[in-house]
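**Student:** Read off the chains here:
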Amino acid sequence: MITVTVTVNGRTYRADCEPRRTLADFLRHDLGFVGVHVGCEHGVCGSCTITLDGASARSCCLLAVQVDGAEIVTVEGLAENGELHPLQESFRKHHGLQCGFCTPGMLATAMELLEENPDPTDAEIRQGISGNLCRCTGYQFIVDAIRDAAPGR
Amino acid sequence: MKAAPFEYLRASSLDEAIEALAGTPDARVLAGGQSLVPLLNLRQARPPLVVDINRVDELSFLRKENGRLEIGALTRHRVVETSAVVRSEVPLLAEALGFVGHVAIRNRGTVGGSLAHADPAAELPAVMVALDAEFSVRGPAGERVIAARDFFLGPHRTALEPGELLTRISVPTHRGGWAVEELSRRSRDLALVAVFATVTLSGEVCETARIAVAGAGPTPIRATAAEEALVGGALTDDAIALAAELVAAATDPPGDLHAPADYRREMAAVLTRRAIARAEEGA
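The listed protein sequences correspond, in order, to chains A and B.
The first sequence begins at 1 in UniProt numbering and counts up one residue at a time.
The second sequence begins at 1 in UniProt numbering and counts up one residue at a time.
Hints are computed from structural coordinates only; laboratory data are not their basis.
A quick note: this is a predicted structure, and the numbers were derived from the prediction, not measured.
Honestly, I wouldn't trust all of these hints.
Below, a list of computed lysine to aspartate or glutamate pairs in the DMTMM-like style, where the Cα atoms sit at most 25 Å apart [unchecked claim]:
| id | chain 1 | residue 1 | chain 2 | residue 2 |
| --- | --- | --- | --- | --- |
| 1 | B | K64 | B | E95 |
| 2 | B | K2 | A | E18 |
| 3 | B | K2 | A | D68 |
| 4 | B | K2 | A | D30 |
| 5 | B | K2 | B | E95 |
| 6 | A | K93 | A | D53 |
| 7 | B | K2 | A | E124 |
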């Protein structure tokens, strides 16, 4: 067992885990951030995407021991003082959630996309979320939600 | 699935990493983890020891030196992809990196990891072969330099000896036009076939041509016969068509449920035609 210390959504946590523990399982099972959704566990579906030291990352493709000392934001960290983040609000407005399984990963991906490109075209949005699979195939509503939340519009 | 248990070492220096790798022949190196962790999760890899090099800062650098781009093995894809120096000095590399996985993967994946993993359908190995890059590797016996062309021996097989670690990638800068043409099942997935090309012109005449193909054989393929056919003449439709046929003839593609070998070979020709035409436009 190895002790891993990480800051998640602004609070520091410390827990022991085996070296083989993925960051996704560490966040979800050891620290209780169940918004981290584990789908394929080999980097294809994007459901476990989180923000790690300011950039999106797949938490199933990282070992928890590898990111000791890192700063992480999960979907639980997006809302502030009970107010949804504008991107979350837009997902709700446009019915971009569907079953909700891919949503945390979609939000993390879209946050980074909009930070780098505040006014993306539909094609750029589709390219941007092409690494995140929606099992409901509800992509149109997700694209609508991201476009509507773009700060540059 | 979940990974089988393994011992874990967080190396703090290159020497410590090499010593650990030399002491356990089946040990695996953990850099970005974007290829290794999925393999661990699927239990396709069950190493007794994982050596984490993420804290070996001396392996993380990117600079122009003596007209070449020097890249530390631990440098992340996204850092190279978005670098202004890379965009101006080795634009083929910058464009190719845009095809490597998705942004979340490129944020973590490393250049050295991708090359040492030696997936024949991956972009970076083929780009390095196209650009005549050189790889520095360090092991218990010291350092040696291997040409990219001699580095890839087969699917997931490289010239790295047990205990050796890829440390630095040296890429000549290039001028002229360039293009990446890739066919994949889903945007930014591994290539079914991908072609990487650069072209320089002197007036109408093709001065240099470099062409490499990913996904069309057990290793990246450098299409030298096609390059030789192009150099010294104008890039007419006929010349490009001949080069495309020579590229297809140089391939030895696998057939699987995603695409039969004949289809991949034909697509290598189609993508070559597009790549050379686009490279010519920018030349």
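**Student:** Each of the hints needs a verdict: does it hold here or not?
**Tutor:** Here is how each hint holds up against the structure:
no. : hint            : verdict
1   : B:K64 <-> B:E95 : holds (18 Å)
2   : B:K2 <-> A:E18  : holds (12 Å)
3   : B:K2 <-> A:D68  : holds (20 Å)
4   : B:K2 <-> A:D30  : holds (15 Å)
5   : B:K2 <-> B:E95  : violated (34 Å)
6   : A:K93 <-> A:D53 : violated (29 Å)
7   : B:K2 <-> A:E124 : violated (34 Å)
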